[in-house]
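Number of protein chains: 2
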Amino acid sequence: MSTNPRKKWAYLFAEADPSRRDLLGGKGAGLAQMTSMGLPVPPGFTITTEACLAYYESGDQFPPGLWEQTVKALGAVEKALGKKLGDPHNPLLVSVRSGARFSMPGMMDTVLNLGLNSETVAGLGHLTGDPRFAYDSYRRFLHMFGKTVLGLKDEAFEETLEKAKARAKARTDADLSAEDLKALVQEYQVIIKTGTGQDFPSDPMKQLELAIKAVFASWNNKRAIDYRTFQGIPHNLGTAVNVQAMVFGNLGADSASGVAFTRDPATGEKALYGEYLANAQGEDVVAGIRTPRKISDLKKEMPQAYRELERMAQQLEREYRDAQDLEFTIEHSKLYMLQTRSAKRTAPAAVKMAVAMVAEGLITKEEALLRVEPAQIYQLLLPRFDETDKQRIIKRGALLARGLNASPGAASGAAIFDADRAQELGSRGESVILVRPETNPDDVHGMLHAKGILTARGGATSHAAVVARGLGKPCVSGCETLKVDTVARTFETDGRVIQEGEEISLDGSTGEVFQGHIATVEPKFSEEKDLVTILDWANQVKRLGVWANADYPTDAAKALEFGAEGIGLCRTEHMFFQTERLPIVHKMILAAAEATALEDEAARLEIEAASTEADSPIHHRLTEARKKVGKSSAVKDYHSALAELGKFQTQDFAGLFRVMAGRPVIIRLIDPPLHEFLPKYEDLLVEVTKLRITGESPKLLEEKERLLQEVDSMREMNPMLGLRGIRLSILFGAIADMQVRAILSAACQVLGEGIPVHPEIMIPLVGHVGEIKTVRERLEVVAQKVQAELKCSIPYKFGTMIELPRAALTADEIARYAEFFSFGTNDLTQTTYGISRDDAEGKFLLQYVRRGILPENPFQVLDRQGVGKLIRMAVELGRKTRPELHVGICGEHGGDPSSIQFCHEAGLDYVSCSPYRVPVARLAAAQAALEQRERDK
Amino acid sequence: MSTNPRKKWAYLFAEADPSRRDLLGGKGAGLAQMTSMGLPVPPGFTITTEACLAYYESGDQFPPGLWEQTVKALGAVEKALGKKLGDPHNPLLVSVRSGARFSMPGMMDTVLNLGLNSETVAGLGHLTGDPRFAYDSYRRFLHMFGKTVLGLKDEAFEETLEKAKARAKARTDADLSAEDLKALVQEYQVIIKTGTGQDFPSDPMKQLELAIKAVFASWNNKRAIDYRTFQGIPHNLGTAVNVQAMVFGNLGADSASGVAFTRDPATGEKALYGEYLANAQGEDVVAGIRTPRKISDLKKEMPQAYRELERMAQQLEREYRDAQDLEFTIEHSKLYMLQTRSAKRTAPAAVKMAVAMVAEGLITKEEALLRVEPAQIYQLLLPRFDETDKQRIIKRGALLARGLNASPGAASGAAIFDADRAQELGSRGESVILVRPETNPDDVHGMLHAKGILTARGGATSHAAVVARGLGKPCVSGCETLKVDTVARTFETDGRVIQEGEEISLDGSTGEVFQGHIATVEPKFSEEKDLVTILDWANQVKRLGVWANADYPTDAAKALEFGAEGIGLCRTEHMFFQTERLPIVHKMILAAAEATALEDEAARLEIEAASTEADSPIHHRLTEARKKVGKSSAVKDYHSALAELGKFQTQDFAGLFRVMAGRPVIIRLIDPPLHEFLPKYEDLLVEVTKLRITGESPKLLEEKERLLQEVDSMREMNPMLGLRGIRLSILFGAIADMQVRAILSAACQVLGEGIPVHPEIMIPLVGHVGEIKTVRERLEVVAQKVQAELKCSIPYKFGTMIELPRAALTADEIARYAEFFSFGTNDLTQTTYGISRDDAEGKFLLQYVRRGILPENPFQVLDRQGVGKLIRMAVELGRKTRPELHVGICGEHGGDPSSIQFCHEAGLDYVSCSPYRVPVARLAAAQAALEQRERDK
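Residue numbers (this note's numbering), protein chains in the order written: chain A, 0 to 936; chain B, 0 to 936.
Check the hints yourself; a few may be wrong.
Where chains are identical, the list cannot tell them apart; a pair therefore holds if satisfied intra-copy or between any two copies.
Unchecked claim - Simulated pairs of lysine to aspartate or glutamate, DMTMM-like, Cα-Cα distance not exceeding 25 Å:
{"hint": "1", "residue 1": "K842", "residue 2": "E709"}
{"hint": "2", "residue 1": "K162", "residue 2": "D16"}
{"hint": "3", "residue 1": "K679", "residue 2": "E715"}
{"hint": "4", "residue 1": "K482", "residue 2": "E681"}
{"hint": "5", "residue 1": "K523", "residue 2": "E564"}
{"hint": "6", "residue 1": "K842", "residue 2": "E593"}
{"hint": "7", "residue 1": "K627", "residue 2": "E365"}
{"hint": "8", "residue 1": "K6", "residue 2": "E600"}
{"hint": "9", "residue 1": "K784", "residue 2": "D174"}
{"hint": "10", "residue 1": "K269", "residue 2": "D385"}
{"hint": "11", "residue 1": "K936", "residue 2": "D324"}
{"hint": "12", "residue 1": "K868", "residue 2": "E318"}
{"hint": "13", "residue 1": "K71", "residue 2": "E904"}
{"hint": "14", "residue 1": "K364", "residue 2": "D419"}
{"hint": "15", "residue 1": "K703", "residue 2": "D682"}
{"hint": "16", "residue 1": "K936", "residue 2": "E572"}
{"hint": "17", "residue 1": "K269", "residue 2": "E161"}
{"hint": "18", "residue 1": "K842", "residue 2": "E572"}
{"hint": "19", "residue 1": "K703", "residue 2": "E681"}
{"hint": "20", "residue 1": "K796", "residue 2": "E564"}
{"hint": "21", "residue 1": "K868", "residue 2": "E491"}
{"hint": "22", "residue 1": "K168", "residue 2": "E675"}
{"hint": "23", "residue 1": "K152", "residue 2": "E623"}
{"hint": "24", "residue 1": "K212", "residue 2": "D16"}
{"hint": "25", "residue 1": "K635", "residue 2": "E686"}
{"hint": "26", "residue 1": "K679", "residue 2": "E812"}
{"hint": "27", "residue 1": "K842", "residue 2": "E681"}
{"hint": "28", "residue 1": "K842", "residue 2": "E372"}
{"hint": "29", "residue 1": "K168", "residue 2": "D283"}
{"hint": "30", "residue 1": "K679", "residue 2": "E593"}
No wet-lab data here; the hints were simulated from the structure.
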């Protein structure tokens, strides 16, 4: 950075270019803007962010020219007002405030009433005819200067004030007389002398110099650094400093200070909104000593100022083309504007404002799309607690605990401690909250029928959290104070015990758990007119398709309502977990290995026999092998179980096809390791150990021992990387056959009903082209056969998930056998990072993020450097082999705005996410397209 | 392929270009070569491999011109010999043999004596004056033609022959008279008529046509396809067909057939080696009906023919500049050469021949290096069973079982069923074979002290196999017939039970397990003069460094002896498993979480307090936190355990540094999940369940319950992807501190003894630059501190393993904090493929390879398409950031020749492998360099 002494470090508000927010900071730019519009802004000047950086570079010294320019700018202000800083007769007072490029509310420092000393305070009293006001201003200045500039603690000043009030028997500060305040000022000066070892600097120019330096320094205080780190604001921007003539809202009943919004930041309603305090300085409004009044009251109290404020608010909104957050002061009935900035707003307000502003012709539809945070609108669609009812119950002490806000929404219901019972009661229409130490795939049928899920363990991407978000159900996970006793069917927290059946309430947006019932409000998407409008606009702009992950017709219907254009992932195995199917699944799994071994042997011999003469020993062995197959009860069990499951699956898929009515439906073949469907090894081990010792029921023992052995032979060190995905379809081809048969049969059936169908069959976990070649060739035969049998022709596709690094690295080869790719970014992140999500989240990943080792949790926000590089590579390689390759993403990242932006940039065709995130994804996709346009300009 | 009718499909031996092995096949090229050298080769011609491919392309039809050219070439042969195919008076007989580019011994078909029918057989009898010979030739032809060309079964011919012998009361074929054979010929013709429904084709030209087609077809018979798949020979090469005038070794006592090697293929000794049979055709030598005689006997029997053979053998060896495998026939004392090809040889022979041929000036050193298979020489260095003793014991029925030949070498010792006892006995000097259902890291101390390892489960890259290969100890794994009962301390196989303490023997090179003792022979590297010579030449040629993975000074010394240039991987945690250290390790682990939490909290507060005033509440909290740290028994246990371990580790490292005397030693910081050092969860669960039911010893129950809880909180779903590697160094920094302190202390100590040291500290499992940045910065402080304390200066380096895809993808960022990379290709393969080696090998990976889904097991041969792509990327990105980055590999692939070739091509600086593979790697590295030179030409 140049420290050229001729460099301009300070700009009068009247001469600054309001568009140079980078140089002037947000506050300075706003003041310059308002000044240029002729609004009543007390004169002042801005010391630039460059000056701040130069100050740091010079080792905390003003750069050459800065002080001279400050003095000169101050002179211009003095001249404009006919007052002078330090003039005992006609003193100018100024405020010194920080103002960075990005808003950092409350993070940095402010000094008001600068310029007072024992001489000027008298002049101020004389000038205003109000010595009490003058001393009140002085004591405020001393306190603020002492704390902010000299680094003394609040407490000493506060305690002294309290003593003074006690002495004067004053109830509030306002009850202190001029004399009381004068005494207080002297005491404050002692505090400063004691605390710093030096006299309070009575020279106003010295005060100014120190205050500017203090503001510069505040850019790098711990609070400010932490805030920037948290918000992702760069640390090398520096802050500007605004020096501005004071106006006083505390000069009597015809004076006031306040804040105002041009539209209601909570609802978005177009009306001046805010609050003010008569006879007060700005900080009093925030301090909460007196309760501020609604801005509408100002209309009655000071109608002239109100009208002006309203006019200026509209003027500023038009100028900025966005809702503004204003600070103002009224001094003796005259309105002054002190700040304008873009207003923060809730999700409903953001949507309402954006649509309204388009209607008003203030902004374009494209701008409206950029005015809403995609992540925010997720909340708009979920049931939420009625706030009044929630406050009522909190007052009665109903808050039990806090956990992670794992999946938003709100629900009340009976606490139930196992999935079976949750399903039983839930399917009867009762409201149930499933409470578990943690959940696993065995619990899904219970989660399906529960209103909400509460777990003691597990992070934001634990099984419970992921499934709940997928289902759009509230979930509080990792609620660590909870002691869940599934045997006693109770949980305990903070000494309170909740029995099974007692009603509890979960707020998934805050992570709160309550005892008792809270009324909820459920939004209807179609009634959220403004949201529907915005999302219609989004569809006009976005390039990415938005599909949904849905396993059941009800999910699919929800997704369609939210605007999904297809099903990007139907996890067939979720259907296996339903209570009436699980015994069939067990039968199939326990017979699979033996049946497959026998059948594979026969098939192998058949091939061999085909090329040998009729009486070679091979033929004999083939006959023997076929006999074994024919006699095997495993083979019988295996195929009868598969046939039964096939019927269920056909119904499931037909249901999905009917709902989706011709839109693409991607169905994934079985993915999890088979042992996940069986009882847990550890549970069986305990059972068997008990039975062995007690000697009870030897028959049961024998049965359990056999099961234990089976489960033992199947369990894996690292199931994530074990026998799952396509590996199952290779080893147990009959399962995949059954699924493909069910998909095609269902498709034929629905097509017969006159409804078009577009099934796409997705093969998961491919790592090597040899795998997909083998499986696709086998399954094509099945698909052709089913169509021939049913005499129908289905426009189906085969494709694969890209969820292993090797699949991405060799995507050109894999694309030879895949008509579409779908990135499974959950597993791709796990393998690329070598991190097991289940293990890592609680044990080290969250700590990594907290300690800044990772910028964010890669399971929530897609890791562009690593995983993203593989995705780009796969898209490029895949399209090299097959230019028309259709590419999407179906991992959880498909619903995350930042990740969706990446998907757009990487050239994907669509994203697929849980139904409730479809609106989020539509908006994020539109924003990504708009940002692209901006870059392409 | 063009089927231009003018294309040349057939070449006379005399006109063919011997260098066109691709066109002529190996046999044809050899015949052309010998013919061009003027050796006595019966005339003939070769039909090209192109003709074979064209035949397939035309739908099993001869391409245009082929038959005409065949007839013409036959004419030339007839003219040369003055005989004619089918001439009843002067019949020419020919052989028709396949001959592919790569040798496929026994895989394809051959027909001898073609041209015989009822007329020519009489002519042949007349011509030779030996009607018996003529009918013998005819019946051989009918049998061979019937089987090979007409597809009939051997059995019918064999049975008829047996009956004929019975009828004639003949003991052998030779006892059958001309009349007997004549009758047999008629019976054979009936078999052919019955089997094919047609008469035997008596027209010799028809015979020839059918025979050529049969040879073409034999290229695609199942045996041939399986063989090529197994050997990695492409399927699209086709075979050539050689048609050659017959000569007869069965024309009486002055005739013979035989095979000869120019040098002994078993020992490499330079002397004619082989065997022959007088009065026999070539197939009789192989058939084993009569026992062939040693070639040296020929010298006495037919001195003239022998001298010629010897002369021609030398001539051919000079021509081919390699040992040859020859086929010859002597017809009435005249020698004919029928085949020459490069001789297959054993490992010792390959080495001896290569060195001798350089001495003889036959080949260059570079050529010598290419003549030895690197994989072979591994065997040269391991103890092996005395073959005589092994045969002796096999005869007595001592072979118990066969498993996988997981790690070569041979050992005998007492069967011992747990690691503790194996260590106890082994350390007393007793010979022990550790027998386990499977092994895990808990067993390493036992493996260290065992002579060999036998497991019932686990593949070629199971824990047992990998560790055994690392230790250079024989291992038979996956011996599935074994039922190991660790409680009863017995194993059973095939009905035989072996008690603990009984002596057994393992042959790790064959996978055999024997009952009883077998004497072993242990080679000494320095005495393997030829091998040492070859490896010296390798060092002159290779570019790659060859380092070794070694955890202990003894391993390091072995590695040095074999020529290692550094230690590429010292796994510090192996030292933790030693019996006297394990209790200390347990103490450390059980205290780690609590101690770290307390200390981290205090450290966090310390940082916060540094920027706040002295009496802020932060300081109070800091004081409290420090008090807690001071009082905590966990903190005390943690640090006292670490201090004790530190002492052990310092000794360990000092030992390594002394042995390596200034060569680089890469020490990896702790890598496995801490729970791997604790008792198994399942074992504790059973213990606790038992104690709960029996109610015995409540105190023990309490203790075990506490331990169970600890282990439960630490165990992981997917430990491979869990809290391990650098993640441990981040969460439990004190462990890494201890290790770095030990490394630097040991280095200072050894340097003080006057021995130079070059320690390199390797941080495992980095995935994100933030991780290595954090850890390296912390450990640099420790390293500096130790050196300052000990007043010494060590030339150390910090580096990392690249073993996660993300590390490879972001290697440019990671190289900012790493001075070296070492590819951990075991884990990199696991994560890139998404395959857990432990789970996959037995469950599906071997089946994948068997079914041809994967070309080979990626844990044995580096996967170039996937993992290799990441390696190339990482090398390029890493060197972009840090051009002097030193790059190696320390996964198991570092000892695999194909993978070493890849490492050379990818520009790595060195490979590191287990000590016993160092010679292999040296040779493979030299070969890679030579192949590079060839490509660069």
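Checked hints:
| no. | hint | in the structure |
| --- | --- | --- |
| 1 | K842 with E709 | between (31 Å within a copy, 14 Å between copies) |
| 2 | K162 with D16 | neither (48 Å within a copy, 116 Å between copies) |
| 3 | K679 with E715 | both (12 Å within a copy, 15 Å between copies) |
| 4 | K482 with E681 | both (21 Å within a copy, 23 Å between copies) |
| 5 | K523 with E564 | within (20 Å within a copy, 73 Å between copies) |
| 6 | K842 with E593 | between (39 Å within a copy, 14 Å between copies) |
| 7 | K627 with E365 | neither (69 Å within a copy, 58 Å between copies) |
| 8 | K6 with E600 | neither (86 Å within a copy, 46 Å between copies) |
| 9 | K784 with D174 | neither (94 Å within a copy, 62 Å between copies) |
| 10 | K269 with D385 | within (24 Å within a copy, 98 Å between copies) |
| 11 | K936 with D324 | neither (31 Å within a copy, 75 Å between copies) |
| 12 | K868 with E318 | neither (42 Å within a copy, 55 Å between copies) |
| 13 | K71 with E904 | neither (50 Å within a copy, 69 Å between copies) |
| 14 | K364 with D419 | neither (49 Å within a copy, 75 Å between copies) |
| 15 | K703 with D682 | both (11 Å within a copy, 18 Å between copies) |
| 16 | K936 with E572 | neither (47 Å within a copy, 57 Å between copies) |
| 17 | K269 with E161 | neither (43 Å within a copy, 111 Å between copies) |
| 18 | K842 with E572 | between (28 Å within a copy, 21 Å between copies) |
| 19 | K703 with E681 | both (12 Å within a copy, 16 Å between copies) |
| 20 | K796 with E564 | within (17 Å within a copy, 55 Å between copies) |
| 21 | K868 with E491 | neither (46 Å within a copy, 53 Å between copies) |
| 22 | K168 with E675 | neither (74 Å within a copy, 70 Å between copies) |
| 23 | K152 with E623 | between (93 Å within a copy, 22 Å between copies) |
| 24 | K212 with D16 | within (24 Å within a copy, 92 Å between copies) |
| 25 | K635 with E686 | neither (29 Å within a copy, 39 Å between copies) |
| 26 | K679 with E812 | neither (38 Å within a copy, 42 Å between copies) |
| 27 | K842 with E681 | both (22 Å within a copy, 21 Å between copies) |
| 28 | K842 with E372 | neither (31 Å within a copy, 48 Å between copies) |
| 29 | K168 with D283 | within (21 Å within a copy, 129 Å between copies) |
| 30 | K679 with E593 | within (21 Å within a copy, 30 Å between copies) |
Against the hints set out earlier in the document, violations occur for numbers 2, 7, 8, 9, 11, 12, 13, 14, 16, 17, 21, 22, 25, 26, 28.
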